[in-house]
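> In order, the protein sequence lines correspond to chains A and B. Heads up: the first sequence begins at 1303 in the numbering used here, then just goes up one per residue. Heads up: the second sequence begins at 1181 in the numbering used here, then just goes up one per residue.
Some clues are possibly wrong.
What the hints assert, rightly or not - Beta-carbon label-pair distances, calculated as ranges: (1) 1296(B) to 1507(A): 27 to 33 Å; (2) 1305(B) to 1608(A): 52 to 58 Å; (3) 1607(A) to 1200(B): 17 to 23 Å.
As the list claims (entries may be wrong) - Calculated cross-link-like contacts (lysine-lysine; reagent style PhoX-like; alpha-carbon spacing at most 20 Å): (4) 1385(A) to 1467(A); (5) 1574(A) to 1467(A); (6) 1291(B) to 1596(A); (7) 1368(A) to 1350(A); (8) 1466(A) to 1263(B); (9) 1596(A) to 1466(A); (10) 1263(B) to 1615(A); (11) 1466(A) to 1350(A); (12) 1417(A) to 1350(A); (13) 1368(A) to 1466(A); (14) 1385(A) to 1216(B); (15) 1216(B) to 1467(A); (16) 1350(A) to 1533(A); (17) 1373(A) to 1385(A); (18) 1467(A) to 1615(A).
Since the hints were derived computationally from the structure, they do not count as laboratory data. C-beta atoms are modelled at their ideal positions from N, C-alpha and C, and glycine is treated no differently.
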Amino acid sequence: MPRDISRRHFLKAGIAAAGALTASRLPLPNAVRGASSRELATLIDIRKCIGCEACVEACSWTNEAKYPEPKKPFPRMFPSRVKVSDWSDRPHVTDRLTPYNWLFIQEARVTVDGKERTLTVPRRCMHCQNPPCADLCPWGAARKLENGITRIHPDICLGGSKCKKVCPWHIPQRQTGTGLYLDLLPSFAGNGVMYKCDRCYDRVAQGELPACIEICPEEVQKIGPRDAVLKEAHAIAREIGGYIYGEHENGGTNTIYVSPVPFEELNRAVQKGPGRPHLKPVENAMAHADNLAKAMVIAPVAGVAAAAARFLKSAGRGSGGDQEENPS
Amino acid sequence: MNASDVPLPGRWIRRSFAALFAGMAFTGLGQMPIFKRYYIADIPGLGWSADFFLTHLLHYLGAILVLALFGYMAAEYALSIRKRYVLTGAGWIRVLLLAGIVGTGVVRVLKNLPDVSFSPAFTMLVDIAHLGLMMLFLAAALVFALMKRRWVRERSSTGA
């Protein structure tokens, strides 16, 4: 169904009251209340999204207190090629991800059932099951919570942007002039704080829904245990002959999209670039590391076995063996 | 042959150990976003050092070798070396530092597994300890090399 611009603006104006009454959810699991460690995933049914940006605004209202308040002038960076990243003068940009905008609507002009239409896709952190941002953060600032949320702790993050580089979607966005680095070596290490969707971890911890889900007038998003979300996603996909994104991407994410058109087509149609993530297939970025971690269990055993074999061989050979050397 | 006659590990072990630790120090430092910033990755042939996934994999591969080497050395010490030699004070310091490096490294690897979650403060503590212990070890290794302090001494000997 083509979207109507006037409808979009109407909805933007009146969405707050209506949205609260139409919150969409799967039965809220105990995990939301902190009673279980099961991972929660969100289901995003792209068919239903009308691009009203109510979720974007709700995200902004809800998380405003978490947004950066940088101190200016920024410390002089060394070496000079280190660029500062300043969005503090543009906090109202909503057409991409920024430190002040953790969710945006991506538009794709595609053909559905022979008719050309614009699909709108809410985009934010995918909350990977094995997030490289959290695994590779050298400082412990990015971490995955037991309920499947990946968040970056602003009090710890130094803004090195490694999380953004290793994120398959390059989601986290940096704001210079804020955070712990200012108290350490501001010119020589760090460059601010990285920001991204934390799926309203504080609301979820109190049994509430993430703001974007609660406000949505079209019930585009649902949240629930990942297995239930996947079950529903597959049921929808079967029903409409649709497609799923996020189930296997990067080894599995806690954000599951269902689309009536292939994601290859959506990916071709959406505007991509800084702050505007792709919808391509993604290999599991941490798979090799996880396999090597298993090998680490065997390694010392192999070392002991080699030493034992050497000892037995030497003992059996009587006076044979390598030339002795003094250790140092 | 008496077990106490089993020879000490040869030069190849010491050279492998030094090369391995130099590699681990480099790839470990590469986990921080500094190689690109400070032109290390601009040095011809070192462009790969700015690839976080590659340095991470190399660090893990190195850790496998370190663990195998430590297993080998621990067993060698238990089976034969300790019968003729004893760890010196300089040896103990290095062994304890290495144990700390390996221990914190193991915790960090565990943290990186998909279903393991530690608090940010604990993760930061482990990270800082891992880095700090490695720096202490390198400093200790340098000092002991300059002072010609060995890891072990013969049991009959009194000097370190």
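> Now, for every hint given, state plainly whether the structure supports it.
So, going through the hints one by one against the coordinates:
Checked against the hint of 27 to 33 Å, the pair residue 1296(B) and residue 1507(A) fails, with Cβ atoms roughly 20 Å apart. A C-beta distance of roughly 34 Å is found between residue 1305(B) and residue 1608(A), which places it outside the suggested range of 52 to 58 Å. Under the hint 17 to 23 Å, the C-beta atoms of residue 1607(A) and residue 1200(B), about 19 Å apart, fit the expected range. In summary, the hint linking residue 1385(A) to residue 1467(A) is supported, as the alpha carbons are separated by about 15 Å, within the 20 Å threshold.
With a C-alpha separation of about 16 Å, the suggested pair residue 1574(A) and residue 1467(A) falls inside the 20 Å cut-off, and the hint holds. A threshold of 20 Å between alpha carbons decides the hint, and for residue 1291(B) with residue 1596(A) the separation of about 13 Å falls inside it, so the pair holds. Straight-line distance between C-alpha atoms of residue 1368(A) and residue 1350(A) comes to about 29 Å, which puts the hinted pair past the 20 Å bound. The straight-line distance between the Cα atoms of residue 1466(A) and residue 1263(B) is roughly 54 Å, outside the 20 Å bound, and the hint therefore fails.
At roughly 27 Å between alpha-carbon atoms, residue 1596(A) and residue 1466(A) are farther apart than 20 Å, so this suggested pair is violated. Of the pairs offered as hints, the one joining residue 1263(B) and residue 1615(A) holds, with about 18 Å between alpha carbons and a cut-off of 20 Å not exceeded. For the given pair, residue 1466(A) sits about 30 Å from residue 1350(A) by alpha-carbon distance, which is inconsistent with the 20 Å threshold. At most 20 Å may separate the alpha-carbon atoms for a hinted pair to count; residue 1417(A) and residue 1350(A) meet this at roughly 16 Å.
Among the hinted pairs, residue 1368(A) with residue 1466(A) is consistent with the structure: their alpha-carbon atoms are about 19 Å apart, no more than 20 Å. A threshold of 20 Å between alpha carbons decides the hint, and for residue 1385(A) with residue 1216(B) the separation of about 13 Å falls inside it, so the pair holds. Annotation: proposed proximity of residue 1216(B) to residue 1467(A) holds, straight-line Cα distance about 12 Å (limit 20 Å). For the given pair, residue 1350(A) sits about 18 Å from residue 1533(A) by alpha-carbon distance, which is consistent with the 20 Å threshold.
For the hint pairing residue 1373(A) with residue 1385(A), the CA-to-CA distance comes to about 16 Å; that is within 20 Å, so the pair holds. The suggested pairing of residue 1467(A) with residue 1615(A) is violated, with an alpha-carbon distance near 50 Å, which exceeds 20 Å.
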